[in-house]
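Engineer: Sequence:
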Amino acid sequence: MTIAAQIKDIAFKALKNLFPEADMQASMITVNQTKPEFTGDYTVVLFPFVKLLRQKPDELGKQLGDYLVANHGDLFTSYAIVSGFLNLTVQDSYWASFLTKEYNNTAFGEKPKNGKKVMVEYSSPNTNKPLHFGHLRNIFLGYAMADVLKANGYDVIKANLINDRGIHICKSMIAWMRYANGATPQSTGIKGDHLVGDYYVKFNDIYKAEIKQLVEGGMAEATAEKEAPIMKEAQDMLRKWEAGDKEVYSLWETMNGWVYEGFNESYKRLGVDFDKMYYESNTYLLGKSLVEEGLSKGVLFKKEDGSVWIDLTADGLDQKLLLRSDGTSVYMTQDLGTAQLKYNDHNGLHQSIYVIADEQNYHMQVLKLILQKLGEPCADGIYHLSYGMVELPSGRMKSREGTVVDADDMMDEMISMSRQQTEEAGKTEGFTQEELDRLYYTIGMGALKFYLLRVDPKKKMIFDPKESIDLHGFTATFIQYAHARICSILRKEGLSLLPDSNTFASFTLTQGITTAEKKLAVSLEQYPAILENAATEYNPSLLCNYCFALAQQFNSFYDEHSISKAENEEKKQLRLMLIVMTAQTMRHAMKLLGIALPEKM
RNA sequence: GGUCCGGUAGCUCAGUUGGAUAGAGCAUCAGCCUUCUAAGCUGAGGGUCAUUGGUUCGAAUCCAAUCCGGAUCACCA
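Just so you know, we're using the working numbering here: the first sequence kicks off at -4 and counts up by one.
The hints are simulated quantities; they were obtained by calculation from the structure and are not laboratory data.
The C-beta atom is built at its ideal place from N, Cα and C for all residues, glycine as well.
Errors might be hidden in some of the hints.
For each label pair, taking beta carbons as the anchor points, the in silico distance ranges come out as [claimed, not checked]:
#, residue 1, residue 2, range
1, Gln314, Ser22, 38 to 44 Å
2, Leu47, Leu312, 40 to 46 Å
3, Thr25, Lys393, 45 to 51 Å
4, Glu288, Pro593, 16 to 22 Å
Starting from the given sequences, assemble the full structure and let the hints guide the process.
Structural biologist: Below is the structure:
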């Protein structure tokens, strides 16, 4: 239990003892960290009890403060009351024993296995174009969320649902057949996903030109959009694909294969992976049996033309189509089936998390609601981890129009920028070329991931490609640098990083600890609570904020105190424990975000 | 039009189970490297927390209304 929670507990019991007849609840107690301008470490807010206990705040504070110091002298040294706030000063020995106990605990903050299975579906790309910057936000979020949940005791399955069929895939295929002259990734040296994406863009160029021509010939635009020859070809191809046409199917397999090779390369570079792949070509017919079931249960209804619907107007939503009048399914139908499939594949899931952009909020809300109405056991576990789109200053990225920031290009750029800045700072000495390449990768990718993870997922973000991502301030680089500094100190002291770090002899505190020392200890003590919050709020950005603040505190501490030349042995050991644990905690948190911290930079 | 999300410093963002004088980073300005890594540290300036009203001892945080921006409401996926 964190110190803040302990204080809340203790203060509640104290008030119960002092005022046995009053009707109080634990939720009335607020415990905050004391503001730096006042003396004290933690603050109990007294106002909520003033009316109930008919006491003036300051008198109440005095009684409570006296009681706490008298009965919990092991925890508190003293208290001060400032206009309704009871500021408690925690014994230095508390921090010392916390450190002694936890500094070499490599699992600090983690929770024991809880036996609950959670699926995190993320990435889920279309196979007609390469990954772009917006996908990166999805990928980093999903990967981080999975690891955060693991650290909180869940059994996590990382899933990727690949959208490998449909009209958009046929568009690339048609354009390739028409214009590629048999070009392959091998013959052109172009990465497979990019090659296919180029023909997707090509399709749209031709399509637009054909529409224009038809409109000039006197056709209405809406009609032209349907009648354009290349579009009809694509639709024809989709029908052939669904009918299992050998030639079409074989081209489809070939081109998807190119894309997968490209994606795998990108995933590897991004440092992410999946435990389970789903393909829409296998799942797109699912869900029909659920519809049948829903009809027989009377949850769904059939219109005169044969189409099947659900009426959600009572829930403040609309009517939603689930089967077309020709009996074919729609997107929602297959999603219903896939939700059920995921659940059954894993013998039940405690939770199924979908990392999907916020433009699908409505869709996901409807999906969950329909499954609930159908009484499906998978329904309640569905959680939509919704995130805001990444936009350019000019608006949304549109791959159809080629106005996207490509993910592979972005990685290249970040790595080359970190190379450039490292060289400019003259920090390349003492590294082999191989070590330098790894360092540039670590810094570049770290900066990229942190940039996309540091913002609250639900907020949309604007990225200006003209402005490069910074390596100063609120960045991964800042945290990596603090870590490298710690490693440097440890190297000089002949100590190595955890888990190999030497254990110290027993430690007894005989001197006071300084403000900078205490601040670090206080922050470290909060890590388990932060890690838990990141999971319950589905928000990895909390870890970014935490790590940055921790690194800031370390940097101030480092500036103020010498570790190797500490005033005496006791101070030296205390500070070594502090920095070992700081490095360990930063590594732990950043690892969950998929960000590595170099030992030298 | 209905529903949902957002609006905090010049810019990018923290802060919302209601707590003290609203915080960081970037940018600007001024300091700090013969001493453990200056990718750092210290300090300064910069705010009508979109607006108005309400609830309360206390509101960026809760409620209501309004304004602005975005998403969504397809026999598309």
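Engineer: Compare the structure with each hint and give your call.
Structural biologist: Here's how the hints hold up against the structure:
1. Gln314 x Ser22: 38 to 44 Å: 42 Å, holds
2. Leu47 x Leu312: 40 to 46 Å: Check passed, 43 Å falls within 40 to 46 Å.
3. Thr25 x Lys393: 45 to 51 Å: Between Thr25 and Lys393, where Cβ atoms are some 48 Å apart, the hint holds.
4. Glu288 x Pro593: 16 to 22 Å: 55 Å, violated
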